[in-house]
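Asker: Each protein sequence line maps, in turn, to chains A and B.
Okay, so the first sequence: first residue is 1 according to our numbering, each after it adds one.
Okay, so the second sequence: first residue is 1 according to our numbering, each after it adds one.
Treat the hints with care, since some could be wrong.
With a Cα cut of at most 30 angstroms, we get these calculated DSS-like pairs of lysine-lysine [as the list claims (entries may be wrong)]:
1) A:7 / B:6
2) B:6 / A:86
3) A:86 / B:118
4) B:125 / A:149
5) A:122 / A:158
6) B:141 / A:116
7) B:125 / A:6
8) A:100 / A:144
9) A:102 / A:144
To be clear about the criterion: a stretch of chain A counts as covered by chain B if any three or more of its residues have a C-beta under 8 angstroms from a C-beta of chain B, and this derived list gives those stretches [as the list claims (entries may be wrong)]:
10) 56-70
11) 73-80
12) 84-97
13) 123-135
Cβ-to-Cβ under 10 angstroms is the rule here; a few derived chain B residues that face chain A [what the hints assert, rightly or not]:
14) 9
15) 16
16) 18
17) 35
18) 36
19) 93
20) 94
21) 97
22) 133
23) 156
24) 160
In case anyone wonders, no lab produced these hints; they're calculated from the structure.
The model shown is predicted, which means the values in this text are computed figures rather than measured ones.
For every residue, glycine included, the Cβ atom is placed at its ideal position computed from N, Cα and C.
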Amino acid sequence: MTHHDKKQLYYEDVKVGDEVTPLAKVACSRMLVQWAGASGDFNPLHYEDSFAQAMFVGSPIVHGQLKRAWLGHLITDWIGDEGIVKMLSCQFRGMDYPRKMKTMTEPHDGETWWCKGVATKKREENGEYLVDCDIWVENGKGEKTTPGKATVALPSKK
Amino acid sequence: MTEGSKISDEIKSMIGVWSEPVVLQVEKGAIARYADAIDDDNPLFRNEEYARKSMYGSIIAPPGFFGWPVGGGNIEAGMSRVVGAVASSGMLRILDGGIELNFYVPVRAGDTLVTYGKLADAREKETKSQGTMVFLIIEQKYLNQNGDLVALARQTLICS
């Protein structure tokens with residue numbers, strides 16, 4: 001499904017306990033390089049084996065801020081064009097390791113990450129219709145390596 | 001250095017002091033490359049005609065993108081002196097512990113932002129597996145060309 005197919009989410013559509021539409025991501029070494037260039041984070045922790053070993057993480061790890069950006073994507077896709085992200089937070093609790101490349105563009109088979117979330121609270125504040133969510137990135141074993149929170153403002157049907 | 005503390009006097013002296021301003025250009029090409037890097041096909045981030053008809057009236061940046069240059073993710077150039085002080089205090093390992101971003105005004109293609117960073121806090125924590133670790137809280141504020149506060153970021157760096 002592309003973004004164009006998505007419907008606008010309204011405040012009245014959301015119930016506490018509702019799931020945020022999950023989003024799958026595959027971290028591969030190519031994506032980490034692309035992210036480094038796009039974000040400006042050139043820390044060798046994310047592309048050099050010996051440096052990653054010296055930093056005691058074993059091998060290059062997925063950028064925390066890349067996982068934070070995935071969670072942003074999760075939320076902006078869910079809320080639609082007229083929803084506004086007010087707050088986004090996450091903690092980097094567990095290391096994630098990218099898949100290696102099989103071809104120039106395709107990674108080997110392996111781990112798939114899921115960005116997920118659940119609505120925890122609805123509130124009207126200063127004329128805004130706000131929804132709080134718990135959000136997280138889950139690794140292939142189902143562990144939440146990157147738990148966080150989001151607050152969004154949604155349009156109302158009122 | 002204070003006896004028994006891993007937080008050097010140089011680091012302590014930086015607490016609460018805002019950095020010099022760093023100017024960030026928000027180019028539409030940079031926004032599109034950022035969205036591409038996370039496989040986000042949202043037309044608000046790249047399609048001018050689509051974005052013009054939206055409530056924003058122009059291309060906007062995904063949450064957390066504040067333009068170019070960015071030094072080390074959200075640790076802007078103004079914060080490099082803190083990272084330098086961490087290194088010169090003998091701590092070699094810096095990991096990103098997490099971030100909280102609060103957004104107030106949309107970031108639009110063509111914006112010129114200015115950002116200031118400060119070391120807000122430095123605390124030591126004993127851990128079983130890693131010994132003493134230092135938690136640095138870095139705050140970053142972003143303003144646009146109209147002087148509006150665009151966003152506040154609060155990032156935790158874990159040093160050892």
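Asker: Confirm or reject each hint.
Answerer: Structure-based check of each hint:
For the proposed pair residue 7 (chain A) and residue 6 (chain B), the alpha carbon gap of about 52 angstroms is over 30 angstroms, so the pair is violated. Our distance criterion of 30 angstroms between C-alpha atoms is broken by residue 6 (chain B) and residue 86 (chain A), whose separation comes to about 36 angstroms. Our distance criterion of 30 angstroms between C-alpha atoms is met by residue 86 (chain A) and residue 118 (chain B), whose separation comes to about 22 angstroms. For the given pair, residue 125 (chain B) sits about 24 angstroms from residue 149 (chain A) by alpha-carbon distance, which is consistent with the 30 angstroms threshold.
Between residue 122 (chain A) and residue 158 (chain A), the direct Cα distance comes to roughly 15 angstroms. Compliance with the 30 angstroms bound is thereby established for this hinted pair. A C-alpha spacing of about 28 angstroms is found between residue 141 (chain B) and residue 116 (chain A), which places the hinted pair at or below 30 angstroms, so the restraint holds. For a cut-off of 30 angstroms, the pair hint linking residue 125 (chain B) to residue 6 (chain A) is broken: about 45 angstroms separates their Cα positions. This hinted pair checks out: residue 100 (chain A) and residue 144 (chain A) have alpha carbons roughly 22 angstroms apart, not beyond 30 angstroms.
Note on residue 102 (chain A) and residue 144 (chain A): the hinted pairing holds, with a Cα-Cα distance of about 27 angstroms set against a maximum of 30 angstroms. Note: the region 56-70 of chain A has 8 residues with beta-carbon separation from chain B under 8 angstroms; the three-residue rule is met and the coverage holds. With 4 residues having a beta carbon nearer than 8 angstroms to a beta carbon of chain B, the region 73-80 of chain A meets the requirement of three or more and the stated coverage holds. Requiring three or more residues with a Cβ within less than 8 angstroms of a Cβ of chain B, the coverage given for the region 84-97 of chain A holds, as 9 such residues are present.
Here the region 123-135 of chain A counts 0 residues with a CB under 8 angstroms from a CB of chain B, which misses the bar of 3, and the coverage is violated. Residue-level restraint check for residue 9 (chain B) is violated (minimum Cβ-Cβ distance to chain A is 26 angstroms; threshold 10 angstroms). A hinted interface residue such as residue 16 (chain B) counts as satisfied when its beta carbon comes closer than 10 angstroms to some beta carbon of chain A; here the least separation is about 22 angstroms, so the hint is violated. The closest approach between the C-beta of residue 18 (chain B) and any C-beta of chain A is roughly 21 angstroms, which is over the 10 angstroms cut-off, so the hint fails.
With 10 angstroms as the threshold, the beta carbon of residue 35 (chain B) comes within range of chain A, its nearest partner Cβ sitting at about 8 angstroms, so the hint holds. For the restraint placing residue 36 (chain B) at the interface with chain A, the shortest Cβ-Cβ distance is roughly 7 angstroms, inside the 10 angstroms limit, so the hint holds. For residue 93 (chain B), the suggested interface contact is upheld, since its CB lies about 5 angstroms from the closest CB of chain A, less than 10 angstroms. Taking 10 angstroms as the C-beta cut-off, the interface hint given for residue 94 (chain B) holds, the closest approach to chain A being about 9 angstroms.
The interface hint given for residue 97 (chain B) holds, since its Cβ lies 6 angstroms from the closest Cβ of chain A, which is under the 10 angstroms cut-off. Given the 10 angstroms rule on beta carbons, the hint for residue 133 (chain B) is violated: about 12 angstroms separates it from the nearest Cβ of chain A. A cut of 10 angstroms between beta carbons decides the hint on residue 156 (chain B): the least distance to chain A is about 8 angstroms, and the hint holds. Annotation: interface hint on residue 160 (chain B) holds; nearest CB of chain A at approximately 9 angstroms, less than 10 angstroms.
Going through the hint list in order, the structure does not satisfy hints 1, 2, 7, 13, 14, 15, 16, 22.
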